[in-house]
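Novice: Chain A is already provided as a structure; the job is to place chain B on it using the hints.
There are 2 protein chains.
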Amino acid sequence: MVTAESPVLRQLDAFRRIVGAGFVFVDPEVLDAYASDETEDLHYLPDVVLKPGTPEEISQVLRICSEQRIPVTPRGAGTGLSGGALPHLGGVVLSLERLNRILDIDERNLQVTTEPGVITEVLQNAVREKGLFYPPDPSSRGSCMIGGNIAENSGGPKAVKYGVVKDYVLNLEVVLPSGDIIWTGANVLKNATGYNLTQLIVGSEGTLGIVTKIVLRLLPHPQHDLLMLVPFRSAENACAAVSAIFRAGYTPSALEFMERDALEWVMRFVDNSIVPIQDDVVAHLLIEVDGNDMDVLMKDMEGIATLVQEFDCGDILFADDAQQKAELWKLRRRVGEAVKSNSIYKEEDTVVPRAELPQLLAGVKAIGKKYGFHSVCYGHAGDGNLHVNIIKGDLSDEAWNGSLKEGIREIFALVKRLGGTISGEHGIGLVQKEYLPIVFNEVQLALMRGIKQLFDPNGILNAGKIFDPK
Amino acid sequence: MVTAESPVLRQLDAFRRIVGAGFVFVDPEVLDAYASDETEDLHYLPDVVLKPGTPEEISQVLRICSEQRIPVTPRGAGTGLSGGALPHLGGVVLSLERLNRILDIDERNLQVTTEPGVITEVLQNAVREKGLFYPPDPSSRGSCMIGGNIAENSGGPKAVKYGVVKDYVLNLEVVLPSGDIIWTGANVLKNATGYNLTQLIVGSEGTLGIVTKIVLRLLPHPQHDLLMLVPFRSAENACAAVSAIFRAGYTPSALEFMERDALEWVMRFVDNSIVPIQDDVVAHLLIEVDGNDMDVLMKDMEGIATLVQEFDCGDILFADDAQQKAELWKLRRRVGEAVKSNSIYKEEDTVVPRAELPQLLAGVKAIGKKYGFHSVCYGHAGDGNLHVNIIKGDLSDEAWNGSLKEGIREIFALVKRLGGTISGEHGIGLVQKEYLPIVFNEVQLALMRGIKQLFDPNGILNAGKIFDPK
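Line by line, the protein sequences give chains A and B. The UniProt record's numbering numbers the first residue of the first sequence as 1 and each following residue consecutively. The UniProt record's numbering numbers the first residue of the second sequence as 1 and each following residue consecutively.
Isolated chain A (complex conformation) (with noise of 0.2 angstroms):
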């Protein structure tokens, strides 16, 4: 909280001079309004809330939180699931929500330059407007930021055909904590000229500078999709269909798993009883094809209905129209929210290679069993990216707050034993930072601890975030 020796009230002047007096926030309900983001039930007040209009007078900023040491907290939209946004240190968050345009459609190229604080899905029907495609789509993607998928190298459904954030980020603007704004790289697709800034900022979390300008690569939208949803009598089953989905030769651009749990809440939730469930279900595969010939695609439905039906899967639906479509990634896309709404609940955002997914699965309700709590799995299948929602549900807080993380811990040692790590798309952020040891030892964290001195000396940049200073 701001009080009369806080170096943050020291500063009010001089930010109200730099970003504008009407860009200052104090007052409690803007303060409460970011104190949180989509992780869990956490809240911590910032003292200040700064909305800059452009890079330099967030480059202004960061010179004065680096010189007196006060925390920022760059913010998005504030939809991530691991803590990235949250002020958990107080001082400045920094919203980019003013920088919002997108500053250009390069048809000649396939690239699009925008600033971070536009909403993913405008830029994506943005450039749609124009034939182009930009792939990667968080199931938030009509609320979340550009500027934070960068943050958090995010994914979504498509990342199985189309692959994640970084595979299209091409150069980055980024105003560091000495107030030095830089370009990463270049507007090229290949680059081999030093070493890959741009990469090292992709999914860094807020942590190694501001992202201000995003350049990213695009593609000829597919003119045609197709979807199918399958239902299968037993979960492991369902994941090994979709290593040998991929083994047929497949590539799906999209392929979601959802548990029994998973689908049956988010029907209620949305008030959708579109898919009938029959007893013996206990999970579902939703499998979109796409590409611009219509024939090909329904060759490769048909050949990946056959191959799942050796998978003992129930009767398939296949969508009709763009109505039904839309509806069945309506129920996919909000299966977050149902988990949510229905109670407290953790995410773990695990991944696996692809193949090892039936063990995963398995691993996790046989931990689950072990420490007494229910848990509902669903995610993004064809990248081995499985969201366990651990349901606290009848579990008392003793264990909720204690014993659960060993359990965690559990889940975790068997997803490194797998081959795998502890986030896929959600990043470390501040939850899952204690984790961390379970998949990098002492020298890699130095090197990353080494990494974020080098670009933020005085520690001020989302501090505490992925992992503590040393």
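Treat the hints as calculated values from the structure; they're not laboratory data. Keep in mind that a hint or two might mislead.
Claimed, not checked - Listed below are the simulated DSS-like cross-link pairs for lysine-lysine, each with C-alpha atoms no more than 25 angstroms apart in a straight line:
{"no.": "1", "chain 1": "A", "residue 1": "K299", "chain 2": "B", "residue 2": "K161"}
{"no.": "2", "chain 1": "A", "residue 1": "K161", "chain 2": "B", "residue 2": "K340"}
{"no.": "3", "chain 1": "B", "residue 1": "K433", "chain 2": "B", "residue 2": "K340"}
{"no.": "4", "chain 1": "B", "residue 1": "K130", "chain 2": "A", "residue 2": "K299"}
What the hints assert, rightly or not - Restraint ranges, calculated between C-beta atoms of paired labels, are given here:
{"no.": "5", "chain 1": "A", "residue 1": "A33", "chain 2": "B", "residue 2": "P469", "range": "44 to 54 angstroms"}
{"no.": "6", "chain 1": "B", "residue 1": "I316", "chain 2": "A", "residue 2": "T306", "range": "46 to 56 angstroms"}
{"no.": "7", "chain 1": "A", "residue 1": "E56", "chain 2": "B", "residue 2": "P437", "range": "15 to 25 angstroms"}
Said to hold, decoys possible - Covered by chain B, according to a simulated footprint, are these stretches of chain A (three or more residues, beta-carbon under 8 angstroms):
{"no.": "8", "region": "351-363"}
{"no.": "9", "region": "427-441"}
Glycine included, each C-beta is placed from N, C-alpha and C at the ideal position.
Specialist: Here is chain B on its own, set in the frame of chain A:
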């Protein structure tokens, strides 16, 4: 050279104990064989060549060299074009040639784990036998090593559809200059777990650590491909056709540009005049499409063939069969050798956003006229990656070693103005580092130097490559 005082000489016994006496070389013939790579006519003798057999041996060697501040130059096959493997400071050449095993082809997860000393084409063929595809294939794939490809973030003709090396590297085992051995990530397709050390190592040209194991993702191998060679009466038209093809929604699996000289010289070099070149033809595009459905590929080829007519092309040569395809590809792959055999030359590896290619080419020719040099241009036009081969020809030694550099600077300044950069796939190494400040300012360079310092505080590993130490 080794002298009684040389710190290298004092360690020979230790090196022999670590890697075995049979793998420590100080005889002049061996030193000479490791004194050059494929970069111009440069030649630097190392003091000793070591051929370790395991990461642990490399670890022990690096520990000693760090303590004793002995320069270490890691080396794959020595096919590099920017001098990355040249031991310009003497000291140790550390050859990775004995780490030449493919450790695991994981058909379940579409991944391969390999040591760095495997020839790229050997790796491609090994996964091909399982129906799998590792796309990046530099022209030197028959002789270069996969570890060198990682070091330089190599590309090759398939990059236009499939991306470059960095897009396939999931995880790396790296020996740090301290002797510590780490993995940089996990064997997963999505990863939001800490800073991306993997992508920091890719393209770092052996300056940060020595890669000893590589995990690559693979694709199902496409079943068919089609190839055509299109002659143009204007090089600018050829370049303009390139971006038109992408804007029309086609994604060829290769889209290569060759000036008339390039094609004529290579046909002479390999003694094969498969391609009749009309008098008015000044450039060619070699265009490949690949996929699993031959009907779709035929349609794509027809569409592209129709489109290129708008750019005043000549008679298109469609490759009839596998042999003709192989011959056309051989021509393209050996252009570099043909140019080299023809004259002393310098090769610049320019890259710009694809639609700026006509401007780049026109600019290169204008600058050549101004400085009196002839250039032969070819390369991966689909990526905007143009190899500019500057021919010594009748140029005086004085101009070659003097004013020519100003001409190169002008080319690179143009590249930068067009949104590009000075190396697309060859790296900076030794011969391009003087030009690096054209694209990076002191802030960016300080970050890169800081990263180098963090990984290699004693500055032993490929020191003086990419940039000079501060």
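Novice: Each of the hints needs a verdict: does it hold here or not?
Specialist: Verification of the hints:
no.: 1; hint: A:K299 to B:K161; in the structure: holds, 23 angstroms
no.: 2; hint: A:K161 to B:K340; in the structure: violated, 40 angstroms
no.: 3; hint: B:K433 to B:K340; in the structure: holds, 22 angstroms
no.: 4; hint: B:K130 to A:K299; in the structure: holds, 23 angstroms
no.: 5; hint: A:A33 to B:P469: 44 to 54 angstroms; in the structure: holds, 48 angstroms
no.: 6; hint: B:I316 to A:T306: 46 to 56 angstroms; in the structure: violated, 39 angstroms
no.: 7; hint: A:E56 to B:P437: 15 to 25 angstroms; in the structure: holds, 24 angstroms
no.: 8; hint: 351-363; in the structure: holds (count 6)
no.: 9; hint: 427-441; in the structure: holds (count 6)
In summary, the structure is inconsistent with hints 2, 6 from the numbered list given earlier, while agreeing with the others.
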